[in-house]
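Novice: With the hints as extra help, turn the sequences into a complete structure.
First to last, the protein sequences are chains A, B, C and D.
Position 12 of the first sequence, counting from 1, maps to 12 under the numbering used here, and the rest follow consecutively.
Position 48 of the second sequence, counting from 1, maps to 48 under the numbering used here, and the rest follow consecutively.
Position 123 of the third sequence, counting from 1, maps to 123 under the numbering used here, and the rest follow consecutively.
Position 39 of the fourth sequence, counting from 1, maps to 39 under the numbering used here, and the rest follow consecutively.
Keep in mind that the hints were calculated from the coordinates and are not lab data.
Note that CB positions come from ideal geometry on N, CA and C, so glycine has one too.
Please note that a few of the clues may not be correct.
What the hints assert, rightly or not - Here are some of the chain D residues that sit facing chain B, going by a computed Cβ distance under 10 Å:
(1) ASN42
(2) SER75
(3) SER103
(4) GLY210
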Amino acid sequence: MKKLINAPDSLVDEALAGMAAAHLDLIRVIEPNVIVRADAPRKGKVGVVSGGGSGHEPMHGGFVGLGMLDAACPGAVFTSPVPDQMLAATKAVDGGAGVLHIVKNYTGDIMNFELAAELAQGEGIEVASVVIADDVAVQDSLYTAGRRGVGGTVLAEKIVGAAAEEGQDLATVKALCERVQANVRSMGMALTSCTVPAAGKPTFEIGDDELEIGIGIHGEPGRERRAMATADEVTEMLLTPILDDLPFSSGDRVLAFVNGMGGTPLIELYVVYRKVVQMCADRGVRIERNLIGSYITSLEMAGCSITLLKLDDEMTRLWDAPVHTAALRWQ
Amino acid sequence: MKKLINAPDSLVDEALAGMAAAHLDLIRVIEPNVIVRADAPRKGKVGVVSGGGSGHEPMHGGFVGLGMLDAACPGAVFTSPVPDQMLAATKAVDGGAGVLHIVKNYTGDIMNFELAAELAQGEGIEVASVVIADDVAVQDSLYTAGRRGVGGTVLAEKIVGAAAEEGQDLATVKALCERVQANVRSMGMALTSCTVPAAGKPTFEIGDDELEIGIGIHGEPGRERRAMATADEVTEMLLTPILDDLPFSSGDRVLAFVNGMGGTPLIELYVVYRKVVQMCADRGVRIERNLIGSYITSLEMAGCSITLLKLDDEMTRLWDAPVHTAALRWQ
Amino acid sequence: MTEIGAAELIRGVELFAERLRERKAELTDLDSKIGDADHGINMDRGFTAVAAKLPELSEADLGTIGKAVGMTLISTVGGASGPLYGTFFLRLGTALGDRRTVSGQEFGAALRAGLEGVKQRGRAEPDDKTMVDAMAPAVDAYDSRIGEADPADALRAAAAAAAEGRDRVTPLVARKGRASYLGERSAHHADPGATSTTILFESLRDAIAGA
Amino acid sequence: MTEIGAAELIRGVELFAERLRERKAELTDLDSKIGDADHGINMDRGFTAVAAKLPELSEADLGTIGKAVGMTLISTVGGASGPLYGTFFLRLGTALGDRRTVSGQEFGAALRAGLEGVKQRGRAEPDDKTMVDAMAPAVDAYDSRIGEADPADALRAAAAAAAEGRDRVTPLVARKGRASYLGERSAHHADPGATSTTILFESLRDAIAGA
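Specialist: Shown next as structure tokens:
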């Protein structure tokens, strides 16, 4: 295992110390490991909280700030945070208008957020939760834990954060988050494994001539192991199931998000985006906004994911609204 | 070799097609492979042009836009562009106030930019050039090609681009670029090699228990091969020579830039930044601004570089000035 | 012996903590095959925290011990294991109440309360290939034995039933948790949660039998 | 034969292009040891473009051929090799002028003009461990032979001197280009530029000797 770390046990704490020092204007870090917007709580504003295992940076801590999250709870690497964190986050950002939990659909995240919501409600804070489950690689059925929450989470946090920033109330913000969730689809793939620092060895084995299609953001094996393929072929393997699932139809306006898994250089993501543009054009799907970069990662895994969000006017307006966080910033 | 590409020969062209499609509002791509600011040329504004081999994304193409570069010339992977590109770029952005070439100190870049400048001057365009040579890993002597241009290039492009944006003339912009160059120092390291697509195998061999200190941005071997070390030890190996070189002294205000080489996850860069903060504090060096992320990369190489720029009031003001490019954006 | 006391419960938790540490790599390895390679790491982190708390609980009643263990797990483990094992010990503690010793039957009722908590929290059904598939037969076996036997015998049966349950679902396709994403590929791998639950019952067995 | 014509020059360039392709991996490999692993790739890209241009130059004069080769290299190779080899052929072509054939002495003067262009562009001194360390002895050997011999003999001497120069500097520490960053670690590796320059003179030799 080759990593720029001091020790697996201190990694998350030290990274948080680095983040806090780097972004004094945006965030502060409070016990027990919660990243809170510097000016929280904001009176009358719905608080937007997310969290999950570490190792997906910049998600979620890099999205705390104006127009996006009010707090993020980083767990151990690839392990959901504990309810104490979400409770502390919820209390820190509650400005009297309630708090929305944006939860990725992973068994651990669901249970820990649920416990935290019960505890917060017990302390008199109104909490609503929306579960993001956008990964079309997973069959959504009684026989799985349901679709995983992946790239759509980034888009939901931006759009919902903007709505909360402009003062929309908890029910409206929650409904918007559900609308994003209903209109977003993703799928990812890996060329290489990642290594959980505490485990010290790769999460999975993969041959030099293989790739894994439909991988989750923790290196969970995906739909199928395939022979190595070109960028165009990989893009088709990811985007075709996405387009077919919602389905996205001719005339739809979308936000296309090509995401790097952590170890994939930006130049390759643009090659993938080029093919996304061609495939969407072929189906008459109009890409109205895009995001290209490594925003929801799996440590140093090489690979990418593609997310499409069907936009409506309000989502587009809220996507364009000002955001000022460590990882996303405009206006 | 596992990459999200279609073929080594088409990689740069396809990535440029993806960039052009993604950032219609910011850039256009003209023949022969030049990324030009969408609204260039701007009358009366000094044009700022850079370029170099591809594989360092987002540098330079991701820095084309308001307040930074007017054009970028991407060569083949790790190969300097050809003079035709710099000539086309120079002509495309010349608004009558002359054009500044920001050149990284690599033999090929120097020669090709030199040829292009001669050709542009032959066509009546005033061209000035500044060579960035900030890599303290290289002995600056008669016995080397001199210090390489690395992380300092990113900072120079931002600060100089802001000066050109506000209408400073060519001589002033050139002098500012030389001031940045005189006050910036960098050093990098690698945990793994990168693979040039056309070569198909790793540029260098490195053991599972080794790291390379002082590496260049093309995987050029560095100062020394060392046994694997902690993030804190690595940070000391990079930052101590940087601090000692200028030298940076107590009371100095600096911009600290922790850069990922392409395959290193953001969480690790924050661990490094944490130690940078401690070391600067120990020496009384005040970090006034910071930049943390993968901005000047070496394909999928794992590793990092650290850059310190000694700031003055004008540099700080110009760093803070609005920038709107694919990779850097604020205000 | 026919009663179970605080010393036995603490010893059982200690043994569980020790064995999780010893088998951390094995559990993580199992989890890397069908999950995300952190079960051993997370359980060890949580039970290291629990072990640090145990000395101050030596004079406490059974309920306090169970609840302290549960709360510590919820606050330190994260993932799915934290809420599930945390809920098990919380409910166990709640059922045991402020007693310093309980009968074998009472301990069985507390085990069943823990099981019910796990099933509620995780919404897992039998044969979903989760820790429930080891825990449910273990509690059933304990119950069916405890009428005629002392707690040591009942826990021997429980541990054997847990191991049998773990092995019985190994060939199955997982339907909960991250293993479920694998579909058919999850078959023929032991479930990490069912494995650690087996270790839990073996630890309780050895703590009581050795007491 | 005592004259060198357009056919010979074109054949020499063709042979160089073929051999660069054959030895692309070898050159890239040398470069990966002390440079950035692209010398073979870049030279092959440039000479593939050159080879595509050669048919339309079959009726051209020597100067036009040299300049076309040089301009194509400058426009397609990039890196340091593009300006250096490009300048070599540009200066060679300029010196050869609008002639269809030249004498051995005149060809020697053109080679020297090319060498001087490379030295100016690259600012390399002898023993910096660059292509100049193969090219300078090759041109010197050609000059010292051409008085008494025909061009084929002089090019045999030149190719041998290039190889000797390449080998002579192999043990040295590089002082120019990316290899210089290696310091002592650059010693005992052949210089990729000196190696490709040796191939250039061998190609010219075989084109003339075989004509």
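Novice: None of the hints should be skipped; say for each whether it holds.
Specialist: Hint by hint, here is what the structure shows:
1. ASN42: holds (5 Å)
2. SER75: holds (5 Å)
3. SER103: violated (31 Å)
4. GLY210: For D/GLY210, the interface hint is violated, since the closest Cβ of chain B sits about 31 Å away, which is over 10 Å.
Taken one by one, the earlier hints fail for this structure at numbers 3 and 4, listed in ascending order.
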